[in-house]
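Working from the sequences, and respecting the hints, build out all of it.
From first to last, the protein sequence lines are chains P and X.
For the first sequence, our numbering assigns the number 1 to the initial residue and increments by one for each residue that follows.
For the second sequence, our numbering assigns the number 1 to the initial residue and increments by one for each residue that follows.
Simulated from the structure, these hints should not be mistaken for laboratory data.
It should be emphasised that the depicted structure is a prediction, and the values quoted were computed from it without experimental measurement.
A portion of the hints provided could be inaccurate.
Just some of the chain P residues that point at chain X, by a computed CB distance under 7 Å [unchecked claim]: (1) ASP28; (2) GLU200; (3) ASP630; (4) ALA695.
Derived list of chain X stretches under chain P, where covered just means 3 residues or more per stretch with a C-beta under 8 Å from a C-beta of chain P [claimed, not checked]: (5) 6–14; (6) 52–63; (7) 72–78; (8) 127–135.
All C-beta atoms in this analysis are idealised placements derived from N, C-alpha and C, irrespective of residue type, glycine included.
The residues making up each chain are set out below.
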Amino acid sequence: MTTKLMGQKVQRTEDQRFLRGQGRYVDDVHAHPTTLHAAVLRSPHAHARIVDIDVSDVLDVEGVHVVWTYEDLGPLSPEMAEPLPLLIPHPDLTQGRTQYALARDEVNYVGEAVAFVVAEDRYIAEDALDRIQVTWEVLPAVVGIEASRAAEHLVHEDVPGNVGARSEQNTGDVEAALARAPHRLQLELDIERSACTPLEGRGTVARWDADTNRLQVWTSTQTSTGVRAAVAVKLGLDLGQVDVITPDVGGGFGVKVMHPWPEELLVPLAARLLGRTVKFTEDRREHFISSAHERGQVQHIDVGFDDEGRILGLDVMFWHDHGAYTPYGLIVPIITSTQLLGPYKPEVYRVVFESIYTNTVIVTPYRGAGRPQGCFAMERTMDKIAAYLGKDRTEVRAANFIQPDEFPFDQGLIFQDGRELEYDSGDYPASLEKLKRLIGWDEFPALREKMAAEGRTVGIGLACYVEGTGVGPYEGAHVHIETSGKVKVATGLTTQGQGHATVFAQLVADELGVRFEDVEVVTGDTRRMPYAVGTFASRAAVMSGSAIHLAAKRAKEKALRIAADALEVDEADLEIVDGVVQVKGSPSTRLDLGTVAVLSNPLRYAFDEASKAATQFAVGDPGKPPVAEDDEPGLEGKDFYSPQRATFASGMHAAIVETDPDTAEVTILHYAVVHDCGHLINPMIVEGQIHGGVAQGIGGALYERMAYDSSGQLLNASFMDFLMPYVTEIPDGIDIDHLETPSPLNPLGIKGAGEAGVIPVSAVVAAAIEDAEGFPITAMPISPSDLHTLRQEHTS
Amino acid sequence: MSEELHRIRLSVNGVTREVELPARRLLSDALRHDLGLTGTHVGCEHGVCGACTVLVDGRPVRACLMFAVSAVDTEITTVEGLTREDGSLGPVQQAFAECHGLQCGFCTPGFLTTVTACLRENPHPSHDEAREMVAGNLCRCTGYQNIVKAVERAAELADPQHDDQHDDQHDDQQSDAPVEVQP
Numbered sequence: 001m002t003t004k005l006m007g008q009k010v011q012r013t014e015d016q017r018f019l020r021g022q023g024r025y026v027d028d029v030h031a032h033p034t035t036l037h038a039a040v041l042r043s044p045h046a047h048a049r050i051v052d053i054d055v056s057d058v059l060d061v062e063g064v065h066v067v068w069t070y071e072d073l074g075p076l077s078p079e080m081a082e083p084l085p086l087l088i089p090h091p092d093l094t095q096g097r098t099q100y101a102l103a104r105d106e107v108n109y110v111g112e113a114v115a116f117v118v119a120e121d122r123y124i125a126e127d128a129l130d131r132i133q134v135t136w137e138v139l140p141a142v143v144g145i146e147a148s149r150a151a152e153h154l155v156h157e158d159v160p161g162n163v164g165a166r167s168e169q170n171t172g173d174v175e176a177a178l179a180r181a182p183h184r185l186q187l188e189l190d191i192e193r194s195a196c197t198p199l200e201g202r203g204t205v206a207r208w209d210a211d212t213n214r215l216q217v218w219t220s221t222q223t224s225t226g227v228r229a230a231v232a233v234k235l236g237l238d239l240g241q242v243d244v245i246t247p248d249v250g251g252g253f254g255v256k257v258m259h260p261w262p263e264e265l266l267v268p269l270a271a272r273l274l275g276r277t278v279k280f281t282e283d284r285r286e287h288f289i290s291s292a293h294e295r296g297q298v299q300h301i302d303v304g305f306d307d308e309g310r311i312l313g314l315d316v317m318f319w320h321d322h323g324a325y326t327p328y329g330l331i332v333p334i335i336t337s338t339q340l341l342g343p344y345k346p347e348v349y350r351v352v353f354e355s356i357y358t359n360t361v362i363v364t365p366y367r368g369a370g371r372p373q374g375c376f377a378m379e380r381t382m383d384k385i386a387a388y389l390g391k392d393r394t395e396v397r398a399a400n401f402i403q404p405d406e407f408p409f410d411q412g413l414i415f416q417d418g419r420e421l422e423y424d425s426g427d428y429p430a431s432l433e434k435l436k437r438l439i440g441w442d443e444f445p446a447l448r449e450k451m452a453a454e455g456r457t458v459g460i461g462l463a464c465y466v467e468g469t470g471v472g473p474y475e476g477a478h479v480h481i482e483t484s485g486k487v488k489v490a491t492g493l494t495t496q497g498q499g500h501a502t503v504f505a506q507l508v509a510d511e512l513g514v515r516f517e518d519v520e521v522v523t524g525d526t527r528r529m530p531y532a533v534g535t536f537a538s539r540a541a542v543m544s545g546s547a548i549h550l551a552a553k554r555a556k557e558k559a560l561r562i563a564a565d566a567l568e569v570d571e572a573d574l575e576i577v578d579g580v581v582q583v584k585g586s587p588s589t590r591l592d593l594g595t596v597a598v599l600s601n602p603l604r605y606a607f608d609e610a611s612k613a614a615t616q617f618a619v620g621d622p623g624k625p626p627v628a629e630d631d632e633p634g635l636e637g638k639d640f641y642s643p644q645r646a647t648f649a650s651g652m653h654a655a656i657v658e659t660d661p662d663t664a665e666v667t668i669l670h671y672a673v674v675h676d677c678g679h680l681i682n683p684m685i686v687e688g689q690i691h692g693g694v695a696q697g698i699g700g701a702l703y704e705r706m707a708y709d710s711s712g713q714l715l716n717a718s719f720m721d722f723l724m725p726y727v728t729e730i731p732d733g734i735d736i737d738h739l740e741t742p743s744p745l746n747p748l749g750i751k752g753a754g755e756a757g758v759i760p761v762s763a764v765v766a767a768a769i770e771d772a773e774g775f776p777i778t779a780m781p782i783s784p785s786d787l788h789t790l791r792q793e794h795t796s
Numbered sequence: 001m002s003e004e005l006h007r008i009r010l011s012v013n014g015v016t017r018e019v020e021l022p023a024r025r026l027l028s029d030a031l032r033h034d035l036g037l038t039g040t041h042v043g044c045e046h047g048v049c050g051a052c053t054v055l056v057d058g059r060p061v062r063a064c065l066m067f068a069v070s071a072v073d074t075e076i077t078t079v080e081g082l083t084r085e086d087g088s089l090g091p092v093q094q095a096f097a098e099c100h101g102l103q104c105g106f107c108t109p110g111f112l113t114t115v116t117a118c119l120r121e122n123p124h125p126s127h128d129e130a131r132e133m134v135a136g137n138l139c140r141c142t143g144y145q146n147i148v149k150a151v152e153r154a155a156e157l158a159d160p161q162h163d164d165q166h167d168d169q170h171d172d173q174q175s176d177a178p179v180e181v182q183p
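Now the structure itself:
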């Protein structure tokens, strides 16, 4: 029998390429001397008017082919002269603004694209940039939430108060609920800007094929189909003339879901004009100043509760810094506002946010997407309630949990996908019990005492979250069984390290009854699957996983139908084992799947041994056409999966930290995670996702911040200065336990797992530091100097 | 304004190649774009992330901080050179596969070359020494703990004392070890 692979720690097939140096990232495509290279002149000012640009010296540089400013774009393609698309409009986004592919008249952040050069190599292109003379009229910059709210200066002259959107949702009369609550507290909670910072930056390569009148684009994106549509529209091409291929991607974490980046349009435009392959590879400084950030939010909470800590009214107001433009709409603050509630059910909830402009780089979702901020707000509130009532922090949480018998649970809000925020399944009390055991919650007082005796200060913290994963609208899959018996699978979403080639092959091998090693999966190639959405919001396993499962089922049904006909047996009596269709209980009556594939195509050229073997069978009624009206040739299955709503994964993290009495350094001694993403396809990969997420969360909690000065210059735009965790900053081992509450929304009972690790880390670490130090922690990240300052404030 | 080119020989993975390059061409760019050895990746171009690490005369070097012309008369090993002659994975590569020590794979070549050099110097690292070996490389995906596990596993695989019997014991002890399904 074929071993069932769902739920097994299968080693990754893609690793074989990566480990040999045979990965194909965008910069590896057309990596030879005939390829031309692009470079971008970026604004040195956060806010300025362009008085004049003089490029007359540039074309004198030997090896330069093209130099463009905004003025050059319209004549090449009228659509290129229009602003970039506002991808996700929302009725509350009354003042949406997007930039131009190359700045027109004004720049609004340091790093905004101003001019574009194509040359023989990147060195020469950068030489050429140095010769462009721009005359600027510098304007006052608006930096940070405080300055934006004060609105002494405006980012966009026509946006009053710098407010792009004001949005409100509520589930009842919160003022009345607060007024009648026996206890009431207020909190101010801040989170700083950080960024995805994948090791591979952005990159695009394009090639125009004049012989076929088609454009091929390789780009490091989380949505090939999105880029394809944008390129077609902006270059005035038919969709059918554009292929977008996303090869291996060196990390995304959200920043590569934004599309189109200016370079994703400028590079194809240049390739078409020049008839040469053109490549743009972002460098690290460019990534810091011109790719997206996230996280910057200030949150005010007003909460009313009873003697048990049960929340009667929760009133949240927050300000979201979306940077200079709003190409990605309101997705991040909408997620904060709806996912803030986590596993809890306050009687009444009202949330109001303002999404505001600053002269800093744009904001798009970063792994967790608004949830780390929401979780920080909710969990710090839970801790404050517990402290106020003198109760254990786990008790207050338990008092507010949605109970296992209350699913599906409707929170009474509208979620990011425009659907009701309805949780599909979960068991939060069971998670909490597991977490308490894993971290040693009840034994901690004894540990604290023992450590204190050694002169060491420790604290413990926990945080809970719920994550809407697997949002629609759809993904599709195509499964093709070749005459060799090999199975070729395509799905349109992309992959950036999550092991899709492996987990999707596991699903196909299980459903189809073929050997895992005979399945090959292709992602992110619009030639293979032109309908797709993308890899974000922890949706790949749920969406494409389900679609692939359904497509494999269709291929299997067809295989059994054809085999039943050929073997003259009933379909119900057949099974597929290790790539062979056989009669159950009588495996000597059998047909290789490859032979079935030959039979599915009534073309009778004997190309190979399988074709020769197939000619001995007569399939179908000789009195009818070889391909029936409701059939098609080939052994393939294609299907789409489109869910009613998102699935809801959940989890709880806890940590024990030590704070140094002299240096104020924070060390995480023990970190524990209980995680529920429904049924696991590959636990090794899920745990890898958790490890990586927790590491990114620790970066966000203790190290990473975007240090803008008041003029809008990013002071730490390098890996020397922006502190990303090395192994030395990550605890030596994270304890993980799984809970599996299957989702009723998809055939596999799975939920997404990509972002979970990162969401509660800032809340957990803040709680543990607060527990160690004995004063409130209300802003993250927290550096040793921040902690030192807080100590001084609280002792004076 | 044309640049002066230098005709130089680079010895990479045991093969000598002749290239014509300007003096300012980085070794990382020469390997990738002139020699087509794209396994060496560039993550920051300022020597911090370690993705471009190659071995120069056996020692780990950031290829983004070295000019190609200064690599003349050295023996360079890139990630492509770590695979065995028969095409099978070397011990460090094999260990990363077994331990799920990579996700997107972009930083991986730098880890593989670094760990290869470190294990030559110290074939039996303690757990802390294994962590120290990878402490100069950035990875944004894995959270490092499986990378450290891979270093320890690589030391086992590279150990001449290591044999199949030992391997079986290892598998027995690690009941949650990944299922070996190879393509």
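Hint check results:
no. : hint    : verdict
1   : ASP28   : holds (4 Å)
2   : GLU200  : holds (5 Å)
3   : ASP630  : violated (37 Å)
4   : ALA695  : holds (4 Å)
5   : 6–14    : violated (count 0)
6   : 52–63   : violated (count 0)
7   : 72–78   : violated (count 1)
8   : 127–135 : holds (count 4)
The structure fails hints 3, 5, 6 and 7 (numbered hints given earlier, in ascending order).
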